[in-house]
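Participant: Read top to bottom, the protein sequences are chains F and B.
Position one of the first sequence corresponds to residue 1 (the working numbering), numbered consecutively onward.
Position one of the second sequence corresponds to residue 115 (the working numbering), numbered consecutively onward.
These aren't lab readings, by the way, just hints derived from the structure by calculation.
Be aware that a few hints might be false.
Straight-line distance between alpha carbons at most 20 Å, and here's what the computed SDA-like set of lysine to any residue pairs gives [said to hold, decoys possible]:
#1 B:117 with F:41
#2 B:117 with F:37
#3 B:183 with B:140
#4 F:7 with B:159
#5 F:7 with F:27
#6 B:117 with F:44
#7 F:7 with F:70
#8 B:117 with F:60
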Amino acid sequence: SAVISQKPSRDICQRGTSLTIQCQVDSQVTMMFWYRQQPGQSLTLIATANQGSEATYESGFVIDKFPISRPNLTFSTLTVSNMSPEDSSIYLCSVEREWGSGYTFGSGTRLTVV
Amino acid sequence: DAKTTQPPSMDCAEGRAANLPCNHSTISGNEYVYWYRQIHSQGPQYIIHGLKNNETNEMASLIITEDRKSSTLILPHATLRDTAVYYCIVRVAYSGNQFYFGTGTSLTVIP
Numbered sequence: 001s002a003v004i005s006q007k008p009s010r011d012i013c014q015r016g017t018s019l020t021i022q023c024q025v026d027s028q029v030t031m032m033f034w035y036r037q038q039p040g041q042s043l044t045l046i047a048t049a050n051q052g053s054e055a056t057y058e059s060g061f062v063i064d065k066f067p068i069s070r071p072n073l074t075f076s077t078l079t080v081s082n083m084s085p086e087d088s089s090i091y092l093c094s095v096e097r098e099w100g101s102g103y104t105f106g107s108g109t110r111l112t113v114v
Numbered sequence: 115d116a117k118t119t120q121p122p123s124m125d126c127a128e129g130r131a132a133n134l135p136c137n138h139s140t141i142s143g144n145e146y147v148y149w150y151r152q153i154h155s156q157g158p159q160y161i162i163h164g165l166k167n168n169e170t171n172e173m174a175s176l177i178i179t180e181d182r183k184s185s186t187l188i189l190p191h192a193t194l195r196d197t198a199v200y201y202c203i204v205r206v207a208y209s210g211n212q213f214y215f216g217t218g219t220s221l222t223v224i225p
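Generate coordinates for the entire structure from the input sequences, incorporating the hints supplied.
Facilitator: Here you go:
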């Protein structure tokens, strides 16, 4: 399965600031997915990032709050903008390198907003 | 939206088989059943998936009922390291479709 490097692994940020999370994959993939996991909760899909096109956002998530870049087939970034304490979560990226192989997840970014 | 229901928690004695059920009564003919687990503070880990036949790999076995409305993940000899949240997910059968996670089952393996 694919190897994903995600960073930072954790950060503590001031409210009103922004944080950009990076996700690097060891092979080319068509789609990359960004998830949020709030404390004690399951994973919620934020958006799907395709190379060369705008990301597709799930209901409840908007581009102004969570802008995503996908400059090539091995890299993506998620920015959490104008943060508030409610944005404190673990953010994870994932990929499926080939159909049926299952998703591989990064180790996540644990964000605390104070 | 998640299309599966799982018990919120289960216990299993170390060394015994852990049987984790999942209901997916609205599953479509082209949807696969996937199982993932998440050990505390780590990203989810793929376990196994199947369409209608039972599947086995080095981690677990997946038993899918004939009507495909439910399935069971079996960890044959549970260890303490198997303590995790286990997610059952159904997904349509074409590349790139998203995974939607339900609430999962928190499995605790007891010494």
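Participant: Under the criterion that the straight-line Cα-Cα distance not exceed 20 Å, is the pair residue 183 of chain B, residue 140 of chain B satisfied?
Facilitator: 7 Å, holds
Participant: Going straight from one Cα to the other, do residue 117 of chain B and residue 60 of chain F come out at no more than 20 Å?
Facilitator: 19 Å, holds
Participant: Is it true that the CA of residue 7 of chain F sits at most 20 Å from the CA of residue 159 of chain B?
Facilitator: Judged against 20 Å, a Cα distance of about 18 Å means the pair holds.
Participant: Measure nothing beyond the straight line between the CA atoms of residue 117 of chain B and residue 37 of chain F; if it is 20 Å or shorter, mark the hint as holding.
Facilitator: Distance ~18 Å between residue 117 of chain B and residue 37 of chain F Cα, so the pair holds.
Participant: With a cut-off of 20 Å on the C-alpha distance, tell me whether residue 7 of chain F and residue 27 of chain F pass.
Facilitator: Holds, at about 17 Å.
Participant: Checking one constraint from the list: CA of residue 117 of chain B to CA of residue 41 of chain F, max 20 Å. Satisfied?
Facilitator: 17 Å, holds
Participant: With a cut-off of 20 Å on the C-alpha distance, tell me whether residue 7 of chain F and residue 70 of chain F pass.
Facilitator: 16 Å, holds
Participant: Residue 117 of chain B and residue 44 of chain F: Cα distance at most 20 Å?
Facilitator: 14 Å, holds
The structure fails none of the hints (numbered hints given earlier).
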